[in-house]
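Protein chains in written order, with the numbering used here: chain A, 99 to 208; chain B, 4 to 116.
It is worth saying that the hints were derived from the structure and are not from the lab.
Watch out, some of these pointers could steer you wrong.
As the list claims (entries may be wrong) - Pairs of lysine-lysine, DSSO-like flavour, derived with a Cα cap of 30 Å:
| id | chain 1 | residue 1 | chain 2 | residue 2 |
| --- | --- | --- | --- | --- |
| 1 | B | K97 | B | K8 |
| 2 | B | K8 | A | K168 |
| 3 | B | K103 | A | K155 |
Unchecked claim - Partial selection, computed: residues in chain B whose CB lies under 8 Å from chain A:
| id | residue |
| --- | --- |
| 4 | Q12 |
| 5 | A32 |
| 6 | F33 |
| 7 | Y35 |
| 8 | G46 |
| 9 | A48 |
| 10 | L49 |
| 11 | I108 |
Unchecked claim - Coverage of chain A stretches by chain B, computed from C-beta distances (three or more under 8 Å per stretch; other residues unrestricted):
| id | stretch |
| --- | --- |
| 12 | 135 to 143 |
| 13 | 199 to 208 |
C-beta atoms are modelled at their ideal positions from N, C-alpha and C, and glycine is treated no differently.
Spelled out, the chains give:
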Amino acid sequence: DVKVTQSSRYLVKRTGEKVFLECVQDMDHENMFWYRQDPGLGLRLIYFSYDVKMKEKGDIPEGYSVSREKKERFSLILESASTNQTSMYLCASSRWNEQFFGPGTRLTVL
Amino acid sequence: QQQVKQSPQSLIVQKGGISIINCAYENTAFDYFPWYQQFPGKGPALLIAIRPDVSEKKEGRFTISFNKSAKQFSLHIMDSQPGDSATYFCAASKSGGYQKVTFGIGTKLQVIP
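For reference, chain B alone in the conformation it holds in the complex (with noise of 0.2 Å):
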């Protein structure tokens, strides 16, 4: 049972381009979404988070998008760079206390010069 539908698997994108990573999530007692970015060869880390009181949150060129009553979020990543290059994990949970967090399967880009 798939709570957090991430697409797509896998995305090419050309330098200075915009791409694009979107999630949808279930569970309406979710309200706390972030991503995760992800290197070879390290462990995930936190890139943004956005609650759902705001239906966009911008961190330089990193963009949140939030759809609360579609319960799709998604991530824009503006002038795209080769450095950008990882897999992105979007993720949902309960805020508070110790939570659970159920992550999405992931989503390889590749920017390309």
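This is chain A alone, in the form it adopts within the complex (with noise of 0.2 Å):
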């Protein structure tokens, strides 16, 4: 079975901090994605990379960046947290079309 992780489930952090969100796939995949999921809004593409070192723009960048080192592992950071980016963020990963999702990490700032 495919499996994607993230590093916390749950996270609480203050205005202006830098924030880390780690994900790790296990199936080799090439792809990975970072989106947000907020009520009514569904899910948001933010970043995606196709290669290690690559990445592309998503929907909704401003306020992230990203970093693929290794193939398994693609990161999310918030360079400076703000309360408007308190959301459930979701890691997915794929090689063709089906992409394969993680369990998500709740974000909250204060």
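Dock the two chains into a complex; use the hints.
Now the structure itself:
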């Protein structure tokens, strides 16, 4: 079974802090994605990566950056967390069309 | 700009009934249309998917109907069960290589006994 793991299920941070969300997949997938999920807005793509050290902006990249130094690991970075970044963050990986999601990290920024 | 419009946002169905969720897309380059199912506390998981060369795909109690000319597709859940209570997302993408997936806003389905 494909497994996508995320470093934390719940995270509470303060405004202005630098936040790292880590995602690891074990199926050697080329593509990895970061989404945020908000009620009434669905899943919105923040960034994606199709290869090591490659990244592409999604629909809402502002306030975020990413890092992919190894194929299995994709990190989402909030350089200076703000309250409007309080959300559920979902990581996914894929080789072709099917995306495999992690369980999500619920981030609260106070 | 919402490229995949999904309705309704919430749905309550009696056990044994039919649940119907509708989606419409704008980009005619899309050629892969999956539905994802998400239970509370879990990430979404692929439920069923269709390509535009067929008008219907059935897997057990779940059926996708696809209308290419209207740019619409829908999920039908026959004989809905309380265990089907979840959030359902339709999505669309181009197939092949690395591709962004555009998701609908989700439908929270509650099946009541």
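Check your understanding: Are A32(B) and chain A close enough, Cβ to Cβ, to be under 8 Å, as the hint says?
Key -> This interface hint is violated because 14 Å lies over the 8 Å limit.
Check your understanding: Is the straight-line distance between the alpha-carbon of K97(B) and that of K8(B) 30 Å or less?
Key -> Judged against 30 Å, a Cα distance of about 17 Å means the pair holds.
Review point. Does the stretch 135 to 143 of chain A contain three or more residues whose Cβ lies closer than 8 Å to a Cβ of chain B?
Key: holds (count 6)
Check your understanding: Taking 30 Å as the top limit, are the C-alpha atoms of K103(B) and K155(A) close enough?
Key -> Holds, because 10 Å separates the two Cα atoms, which is no more than 30 Å.
Review point. Does F33(B) meet its interface restraint, that is, does its C-beta lie within less than 8 Å of any C-beta in chain A?
Key: violated, 11 Å
**Study point:** chain B over the stretch 199 to 208 of chain A, status - at least 3 residues with CB closer than 8 Å
**Key:** As far as the stretch 199 to 208 of chain A goes, the hint holds, because 4 residues have Cβ atoms under 8 Å from chain B.
Check your understanding: Hey, does the I108(B) contact hint survive, CB to chain A under 8 Å?
Key -> holds, 4 Å
Check your understanding: Per the CB criterion, is Y35(B) less than 8 Å away from chain A?
Key -> holds, 5 Å
Practice item. Double-check Q12(B) for me: the hint is only fine if its C-beta lies closer than 8 Å to a C-beta in chain A. Key: Holds: closest Cβ of chain A sits about 7 Å from Q12(B), inside 8 Å.
Practice item. Please verify that hint: G46(B), Cβ, nearest Cβ of chain A, below 8 Å or not. Key: holds, 3 Å
Practice item. Report holds or violated for the interface hint on A48(B), using the least CB-CB distance to chain A and a cut-off of 8 Å. Key: Constraint on A48(B) satisfied, holds at 7 Å.
Review point. Was the hint right that L49(B) lines chain A, CB cutoff 8 Å?
Key: Given a least distance of 5 Å, the restraint on L49(B) holds.
Checked against the numbered hints given earlier, this structure breaks hints 2, 5 and 6; the rest are met.
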